[in-house]
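Chains as they are written, first to last, in my numbering: chain H, 1 to 224; chain G, 1 to 224; chain F, 1 to 224; chain V, 1 to 224.
Do not take every clue at face value.
Since the list gives no way to pick out one identical chain from another, each pair is judged satisfied if it fits inside one copy or across any two copies.
With a cut-off of at most 16 Å between alpha-carbon atoms, the simulated EDC-like pairs for lysine to aspartate or glutamate come out as follows [as the list claims (entries may be wrong)]: (1) K170 - D138; (2) K40 - D138; (3) K40 - E218; (4) K156 - E188; (5) K167 - E195.
To be clear, the hints were calculated from the coordinates, so they are not data collected in a lab.
There are 4 protein chains.
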Amino acid sequence: MRENNMIVILNFKCYKEAMGEKALTLARICEQISQEYSIKMAVAPQHPDIYRISSSVDIPVYAQHIDPIEVGSHTGYVLPECVAEAGACGTLLNHSEKRMKLADIERAIERARDVGLKTVVCTNNIPTTKAAATLLPDFVAVEPPELIGTGVAVSKANPEVVRGSVKAVKEIAPNVNVLCGAGITTGEDFKRAVELGAEGILLASGIVKAKDQREALESLVKWL
Amino acid sequence: MRENNMIVILNFKCYKEAMGEKALTLARICEQISQEYSIKMAVAPQHPDIYRISSSVDIPVYAQHIDPIEVGSHTGYVLPECVAEAGACGTLLNHSEKRMKLADIERAIERARDVGLKTVVCTNNIPTTKAAATLLPDFVAVEPPELIGTGVAVSKANPEVVRGSVKAVKEIAPNVNVLCGAGITTGEDFKRAVELGAEGILLASGIVKAKDQREALESLVKWL
Amino acid sequence: MRENNMIVILNFKCYKEAMGEKALTLARICEQISQEYSIKMAVAPQHPDIYRISSSVDIPVYAQHIDPIEVGSHTGYVLPECVAEAGACGTLLNHSEKRMKLADIERAIERARDVGLKTVVCTNNIPTTKAAATLLPDFVAVEPPELIGTGVAVSKANPEVVRGSVKAVKEIAPNVNVLCGAGITTGEDFKRAVELGAEGILLASGIVKAKDQREALESLVKWL
Amino acid sequence: MRENNMIVILNFKCYKEAMGEKALTLARICEQISQEYSIKMAVAPQHPDIYRISSSVDIPVYAQHIDPIEVGSHTGYVLPECVAEAGACGTLLNHSEKRMKLADIERAIERARDVGLKTVVCTNNIPTTKAAATLLPDFVAVEPPELIGTGVAVSKANPEVVRGSVKAVKEIAPNVNVLCGAGITTGEDFKRAVELGAEGILLASGIVKAKDQREALESLVKWL
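The shape of chain H in the complex, shown without the other chains (with noise of 0.2 Å):
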């Protein structure tokens, strides 16, 4: 079947429901929900959860951003090794709240790779999807930035957009993975995704400011 592969990835991004002490209780609730209907989920939280949450969670973290450079002097910068030491397995790249420059998504994606980490790179369009498949990341996730936080699924308001894009990524780069981001919030929008050829999803207020947690995961998940 093929949702066994599918991914979800869930966006702490700075909410202070998905922060320190809250970081680490949702992400094992997303550990206990990834067991329970054997989905492969992830977490990224903000960079001083990282390591908080790896050593006490077992699940998948990624970094929010890396930057692209080398170790050395670069106070108050992200460098790849040391999100690694802390435990991330992968990063977030180019995300619409953190766009990057051409050149350094290139850089960041081969940093990345030096020291294991996987790489989700963030789109807004059928252009800078294909763009960004040239570069080889593990996934790209295309989020339509007008739908961000809105809770209106790009799966049903723009389907378009993610027909396109995996048809653009297969054929430049087939193993590249194609996620659906911006305003997945239900069951029905992630399935929506699925039948439109995404292979996986990339969440965050939908899930993080829901009133229950666990409960608004769960009913995105059920249905697989």
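Using the hints, position chains G, F and V against chain H.
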């Protein structure tokens, strides 16, 4: 004695000698030196290492940077609340490797105050030191960029910038403390900085990359 | 009379009503108003329009921004020397739409001085106004960003920020002149700004986007 | 003959030898060489010099950069419409000295198309060249940053990056033309670039800073 109030802040930058497990080891050395020599010491590790150090070592931990943001949708940014909850008690701002916009420095100082973080604003010359002092951070650290990482101490190579910075700050904001950075490596450099009016020092490569970090720290503070 | 020294600077931004041929027309209107009402007026067009205006109209031309660079390899940047040779006599710096790093503002003021350009540093509140004043630009223009482009004048909505800015600047650097921006549209707004201590105003949409630009300008200055 | 379609673009950067009055002189030299040797030449002066050159010299003028913005409140930015109205017929994008975000390159190409500007996207290696090609600019100019300004031609020092870039671009987007930059100074460098498949060159210091700019240009193109 004036020196009792001296503070020594060690910036770990993105050096491999002060990352992950090694960051913890170096923080422990700083803790011991601090106790043995009755000197206030603080460490500024990378963000993913803050929690690990603050929960194991009894020494003030500073972030290397925070962003002037509130909780919310800021993927990849450094939220003051998160840094504080991870155990930091302060933060560097506007380091020469991570210069900030004027409006962002002002806002970041305010946000740091909201969450109980002390602030060290780095500056590059007397005019920017003066400008930073008007924003009432806890510390201003003057570091001529051309001397950073050289081992040539600002207190020796350019005493006037230290003396002039202290004078300018005290006229504008007597409660703001002046630190001296850039090239400080030896006890003599430190002593000279104190004679010029500095109320502490900001260190990095001279200690972190020393063959024997403990010895380097001891030789720095034993004259006090 | 104090008002004789008043300066009115009109920022053309990237408005289509003040670009190319239309920029020239608007600059000519400003020139005429300036002569008829004996008031100092200056215009700040887009960079490609500086030469065209300065070589045809006898009115001070300001750039909207310069970069803190020297001649050399800086493709796409704004060199102070080039702006000056094109006929500008000054520049805005740190506009709310183009915030600059503290170290860059300081350096840009110095570079502007090197090539004979006057400087107007824009700020967003009293603390940043104070910080900017220590850097000794020719003008500081305080503009609370939440009022820019609203037609709600800062001199009416937040008189304290104008009065407080004037007081703060005069304590630190009596020779720095204080302009008042954000939402100024009518003669009454301008008058109120002067009563609060402003020594001029920085305008934009209220005039540029007026149905009749000349009439809008006349109604602004005729009370003087 | 293939060479008939060759284009030579001369980037004036922020060099004093190609600014203001001197920019005009150099553009006239390019115009003459272009006619004498029947080769397409274009110049890329600083923004304040675009109008002055385009209104006096009959040679294509490129901007060094545009911002991916629409008309409106963007003080200090480079509006595509303004550059076009000043007489430019194209623009460089993502030069190694002015790297752009991936999403901004995509948007800038679209905005350039809206106003009739041709686009030259600069890239630093084969992967970023490939990514740029998917965005369908008119030209991609591959310039390994370590060779820029050295006088060591990429076509000699690293022929594989030129050959590989041409191959990659033609597979993805056959209508995108490939330029070769970085270190090109002599006719031999140019010839070698053409043999490797380049359809033109992007030049800067080798010509602008030559003792005799005309002679340098002539020796560059006379072999054609």
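Now the hints, each set against the structure:
no. : hint        : verdict
1   : K170 - D138 : within (13 Å within a copy, 25 Å between copies)
2   : K40 - D138  : within (15 Å within a copy, 42 Å between copies)
3   : K40 - E218  : within (13 Å within a copy, 50 Å between copies)
4   : K156 - E188 : within (9 Å within a copy, 52 Å between copies)
5   : K167 - E195 : within (13 Å within a copy, 35 Å between copies)
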